[in-house]
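Enquirer: Put together the whole structure using the sequences plus the hints.
Listed here are the chains, written in short residue letters.
There are 2 protein chains.
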Amino acid sequence: MSTTEAKLDRTKLKWFGAGAVCVVLFAFAVMSCGKRPTAAELGGAAEAATSTYVAPGDTDEYYLFYSGGHSGNVYVAGVPSMRHISTIPVFAAYPATGYGFDEESKKMLGGFGWGDVHHPAISETNGDYDGRWLFVNDNANNRLARIDLRDFKTKQILGPIPNISGYHGGSFVTPNTEYVLAASRFSVPLPKGTVEPLEEYATKYNGVVAGVKVDPKTGEMSHGFQILMPPFNFDLGDAGKGPSEGWAFWTSYNTERATGKLEVTSTQKDRDYIAAVNWKEVEKAVAAGKAKMISGVPVLDPKEVPGLVYLIPCSKSPHGVDVSPDGKYFIGSGKLQSITTAFNVEKMLTAIQKKDFSGNEDGIPVLTYDSVKDAEVNVGLGPLHTQFDSEGNAYTSLFVESAVAKWKLGSWEVLDKIPVTYNIGHLCTAEGDTVNPDGKYLVALNKLSHGRHLNVGPSQPESSQLINIGGEKMKMLYEAFTEPEPHYAQLIKADKLKPIEVYPKEENKNPNAIWDVKDAGVVRNGTNVTVKMVAVRSSFEPYKIEVNKGDTVTIYITNIEQTTDELHGFGLNEHNLNVVIDPGETKTIKFVADKPGVFPFYCTNFCSALHQEMQGYLLVKGGGSALAMK
Amino acid sequence: MSTTEAKLDRTKLKWFGAGAVCVVLFAFAVMSCGKRPTAAELGGAAEAATSTYVAPGDTDEYYLFYSGGHSGNVYVAGVPSMRHISTIPVFAAYPATGYGFDEESKKMLGGFGWGDVHHPAISETNGDYDGRWLFVNDNANNRLARIDLRDFKTKQILGPIPNISGYHGGSFVTPNTEYVLAASRFSVPLPKGTVEPLEEYATKYNGVVAGVKVDPKTGEMSHGFQILMPPFNFDLGDAGKGPSEGWAFWTSYNTERATGKLEVTSTQKDRDYIAAVNWKEVEKAVAAGKAKMISGVPVLDPKEVPGLVYLIPCSKSPHGVDVSPDGKYFIGSGKLQSITTAFNVEKMLTAIQKKDFSGNEDGIPVLTYDSVKDAEVNVGLGPLHTQFDSEGNAYTSLFVESAVAKWKLGSWEVLDKIPVTYNIGHLCTAEGDTVNPDGKYLVALNKLSHGRHLNVGPSQPESSQLINIGGEKMKMLYEAFTEPEPHYAQLIKADKLKPIEVYPKEENKNPNAIWDVKDAGVVRNGTNVTVKMVAVRSSFEPYKIEVNKGDTVTIYITNIEQTTDELHGFGLNEHNLNVVIDPGETKTIKFVADKPGVFPFYCTNFCSALHQEMQGYLLVKGGGSALAMK
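Residue numbers (the working numbering), protein chains in the order written: chain A, 36 to 665; chain B, 36 to 665.
Any given hint could turn out to be false.
Said to hold, decoys possible - Cut-off 25 Å, straight-line C-alpha distance, at most; resulting in silico cross-link-like pairs (SDA-like, lysine to any residue): (1) A/Lys296 / B/Ser643; (2) B/Lys630 / A/Thr238; (3) B/Lys304 / B/Asp405; (4) A/Lys296 / B/Glu581; (5) A/Lys584 / B/Gly295; (6) A/Lys190 / A/Asn543; (7) B/Lys510 / A/Asn543; (8) A/Lys296 / B/Lys510.
Simulated from the structure, these hints should not be mistaken for laboratory data.
Expert: Structure (structure tokens):
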């Protein structure tokens with residue numbers, strides 16, 4: 036970009052900035068008046084009704100995996116019905132499934148009672164969803180979790196990840212799930228535990244962008260690499276594919292390196308940056324011993340190891356950077372802007388080769404904006420995030436305008452726009468992150484919902500709107516609600532997943548599993564009492580457990596059923612203990628019997644006609660023994 | 036009932052019992068083959084689609100309040116769309132709303148991380164839903180919670196309630212919400228803490244039926260009265276109304292007083308009992324000093340105070356006892372039976388007056404079955420629970436048959452039957468517990484759901500089916516899914532509730548609330564650090580908190596917004612702290628700053644265009660101060 040052009044751009048952007056603020060205020064004013072399109076205004080309500088209706092007994096075409104934000108959960112819905120089907124607990128205990136109550140899941144949670152789930156990512160093979168795992172990042176406690184889509188259960192939680200604070204810039208996967216991207220939204224002095232004055236933020240705080248390594252066979256996650264960055268706020272990311280395979284991209288805001296009231300201090304500059312990391316070169320640099328270990332993770336400093344990371348100027352305060360299905364473009368959207376920029380990967384590579392730089396940040400080269408951009412697409416106000424269909428179209432969420440713009444990759448023509456309500460954040464199209472998107476459906480994930488549903492008091496849910504993108508014009512189909520707070524979602528064709536419903540007996544490797552009521556019983560060793568228990572329709576064996584006050588009691592419960600939906604629960608009265616044992620599963624409960632008395636336990640999860648009769652008693656001796664009236 | 040009749044009945048019942056077992060096995064076999072009615076078989080799919088479709092921006096007609104079972108939550112859906120709208124956390128922490136993380140809600144939860152929500156009950160005035168409160172009982176930890184329907188928040192948790200173990204027999208309200216019914220599903224030696232051998236269960240363990248008192252102005256719950264009962268398992272209840280006002284009814288099973296494998300030992304007798312309690316007489320007896328205090332609650336012993344409680348023989352292993360809208364009948368359904376019994380309140384009162392008893396249990400008179408029953412209605416296999424419409428019809432769930440039977444009160448004619456899938460437990464009709472049910476809709480709460488939805492692994496949701504009961508024949512409309520495990524639900528007309536969306540500033544009586552950023556700040560007193568904080572679009576004030584390692588930090592956060600849906604969250608990185616502060620609310624967070632370092636905090640709940648910029652830093656001094664590489 037020449038100096039003159041830059042000046043013009045800055046002037047335009049300033050005016051735009053002022054305009055954007057007015058529009059924001061206007062949009063909020065409009066929202067407050069409560070006007071909303073009626074069914075008639077929307078048109079085709081009957082068509083929308085029949086095309087989203089899934090008759091009792093029929094199933095949906097797509098799974099929608101919603102991030103559950105600070106609920107710590109992932110929500111599963113069906114599309115096109117948009118019906119909530121299931122909740123997968125990840126970073127928070129969930130007694131409905133007993134998650135966080137048995138020893139195994141308690142250990143995985145590591146003492147944390149919540150997380151802030153942001154961006155679900157289905158694992159990929161050759162750039163296509165392979166339906167094996169779903170990764171979700173935790174913005175609150177800097178963790179990454181892996182859900183196995185074979186049984187829809189959380190299998191591993193990695194973290195808190197050293198050196199990363201505010202793990203927002205994930206979980207985006209490389210085309211063969213070699214890495215899940217990670218980044219620091221909040222810069223801190225490193226290593227963690229160090230304190231530096233906030234006044235020296237610009238020089239003594241650091242950002243990090245990183246790749247978490249995934250074992251291709253098991254999905255086991257481990258600390259991969261990290262790159263030390265200036266103290267920007269790294270926001271969202273995406274992995275390259277095809278011609279851009281081997282690259283990872285992240286947006287950043289607060290490139291002002293400001294503190295305080297960021298809404299003012301971090302919106303001073305006209306442009307922020309996209310960081311482009313060549314992770315294949317990073318791998319080589321780590322192998323060549325060029326990384327330093329910080330808190331157990333190999334960290335590369337771009338000042339010392341050049342050629343790994345470049346910065347590309349981007350519209351002010353960007354959110355999404357999204358790689359097109361063919362891997363040729365990455366789309367950068369600044370939320371305080373009315374254009375979105377399509378950057379060209381080939382041009383980026385040429386600019387790097389030619390050292391076509393317009394500056395640097397802490398030694399990291401800044402590529403010349405005009406040399407890398409292919410087009411500025413006039414999508415509308417507040418572009419945030421872009422997804423794609425099968426016909427070479429892109430769909431960009433317009434946060435300020437509360438709309439979705441459809442535009443053409445290559446011709447850069449805006450083809451259609453549809454209003455959504457209100458304040459869309461992310462959007463997702465069917466298989467929209469893959470090399471082969473399906474088109475057909477788009478889900479708009481809207482951040483506010485007031486007036487869209489029956490009033491449920493001050494704590495309002497979020498709104499999601501299902502849009503038909505199968506035709507030339509987008510058509511509004513349905514509106515559903517979900518818990519706070521879907522930041523992103525992914526849509527995968529139902530037939531790509533084949534979950535099991537029963538854990539095969541032969542797969543249960545728990546040494547304390549038992550499969551016959553004859554093996555059930557209570558064994559005492561000093562003050563340690565071990566119970567091996569069977570749960571099967573419709574009783575527990577043993578149904579009586581006698582212990583002394585102060586004993587440490589460990590119960591291994593095996594649900595010996597091999598029939599689908601035959602779950603059993605084990606709830607212990609006035610103790611904080613409830614686990615749910617799926618067919619073929621063994622779970623471990625451990626507690627100190629510190630209260631004398633007689634405590635019933637019972638099956639909490641419906642199992643049969645005689646479920647209500649499935650109960651037993653824990654007798655904790657050491658209290659009184661008469662019906663004393665006082 | 037004469038001896039000959041009784042013998043005949045017993046013979047019939049034995050054959051029936053054997054038949055029922057075969058039917059159960061057959062039903063499970065049918066279920067396993069996966070056959071289900073298609074949309075075409077159901078007929079009228081297009082009509083069902085349009086009649087359940089709620090276009091974007093339109094709202095539902097009814098609120099459906101589902102019990103969330105061992106999730107500890109209440110779920111809110113809209114009818115007819117059956118869309119999930121909101122989750123109300125009650126007995127379990129829920130980081131999505133910050134419930135269980137601030138000092139106020141943490142205290143209310145009392146250290147418990149779960150509960151087993153069973154039967155929601157909307158408060159009533161003159162036998163009609165008044166839309167003020169929703170009560171839910173906790174079968175696991177013997178508690179009762181009150182949700183305020185003004186803001187959909189849990190306001191009080193009473194318990195664990197002394198002397199009650201397995202609080203299943205609630206929460207059913209008397210016609211002016213004088214009491215919420217309570218009962219022991221599991222008998223234990225009393226007072227709690229006492230241990231008696233399980234072998235002496237029949238004589239040394241006790242059941243309890245009870246009324247929890249509700250303050251008519253504030254809804255404040257307190258221990259009302261309790262009645263000492265034989266060690267039966269008390270199951271479900273209902274309150275009388277009209278001619279039966281002043282009476283409370285509970286079913287009981289295991290009147291064999293058995294232990295061990297209850298599925299066998301507690302199903303020996305041909306009949307179990309309904310307990311009928313005259314709570315107005317109970318009030319007089321308590322006032323007359325006839326109660327003994329056990330663990331702080333006035334308990335009446337029917338052996339010593341006659342005239343309070345009567346037993347009525349009922350079909351084997353009953354679940355529901357349901358009072359008709361006019362209060363003339365109570366319907367008792369035994370799940371191992373093919374008939375449901377309509378008992379006549381007038382006949383009951385006559386039998387009591389005439390001492391028409393067929394025996395007694397621990398001194399409690401057993402009324403003669405034939406003197407109290409009006410009709411045995413041949414509804415079908417496995418009747419569980421009955422609800423009503425506006426036309427004098429009753430609807431009984433048939434657990435074994437997986438169907439709903441519609442039948443006429445008075446003529447006792449079965450008018451219609453509709454299959455549901457699978458294994459319906461409770462059902463609910465629109466305002467079906469009131470003196471004026473609406474008819475129109477019925478929701479079948481089905482206990483199993485396999486094959487009805489996209490496969491989500493072994494932990495399957497429950498299924499609910501919406502049925503149109505507005506016409507002569509019932510019509511299947513829709514199927515939705517919810518978390519484990521709805522035991523009961525209630526449907527209330529949407530216009531009966533007028534929840535607030537913002538807490539008016541003038542209602543905030545928290546002495547630590549502040550409404551101006553000028554009043555925000557940090558005050559140290561020894562090692563206690565108190566922060567008064569304002570959250571407002573889009574910053575925290577103060578945005579920097581500096582403390583020393585080991586300090587006890589208390590933060591009072593006020594969200595000074597007075598605009599709907601303008602929630603703010605406060606999440607503290609790598610600490611276990613997240614609260615959500617609704618507009619006009621003040622919340623308290625307390626923690627010991629035991630880890631040195633710099634910890635970002637940020638707004639977790641979307642609030643504005645500059646939400647992403649709403650952040651600050653906690654600096655905990657006492658660690659290192661250099662970027663040490665190791």
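Enquirer: None of the hints should be skipped; say for each whether it holds.
Expert: Tested hints:
For the given pair, A/Lys296 sits about 14 Å from B/Ser643 by alpha-carbon distance, which is consistent with the 25 Å threshold. Note on B/Lys630 and A/Thr238: the hinted pairing holds, with a Cα-Cα distance of about 23 Å set against a maximum of 25 Å. With a CA separation close to 18 Å, the supplied pair B/Lys304 and B/Asp405 stays within the 25 Å bound. The suggested pairing of A/Lys296 with B/Glu581 holds, with an alpha-carbon distance near 17 Å, which does not exceed 25 Å.
In summary, the hint linking A/Lys584 to B/Gly295 is supported, as the alpha carbons are separated by about 23 Å, within the 25 Å threshold. Straight-line distance between C-alpha atoms of A/Lys190 and A/Asn543 comes to about 15 Å, which keeps the hinted pair within the 25 Å bound. For a cut-off of 25 Å, the pair hint linking B/Lys510 to A/Asn543 is broken: about 44 Å separates their Cα positions. Between A/Lys296 and B/Lys510 the alpha-carbon distance is near 58 Å, which puts this suggested pair outside the 25 Å criterion.
In summary, the structure is inconsistent with hints 7, 8 from the numbered list given earlier, while agreeing with the others.
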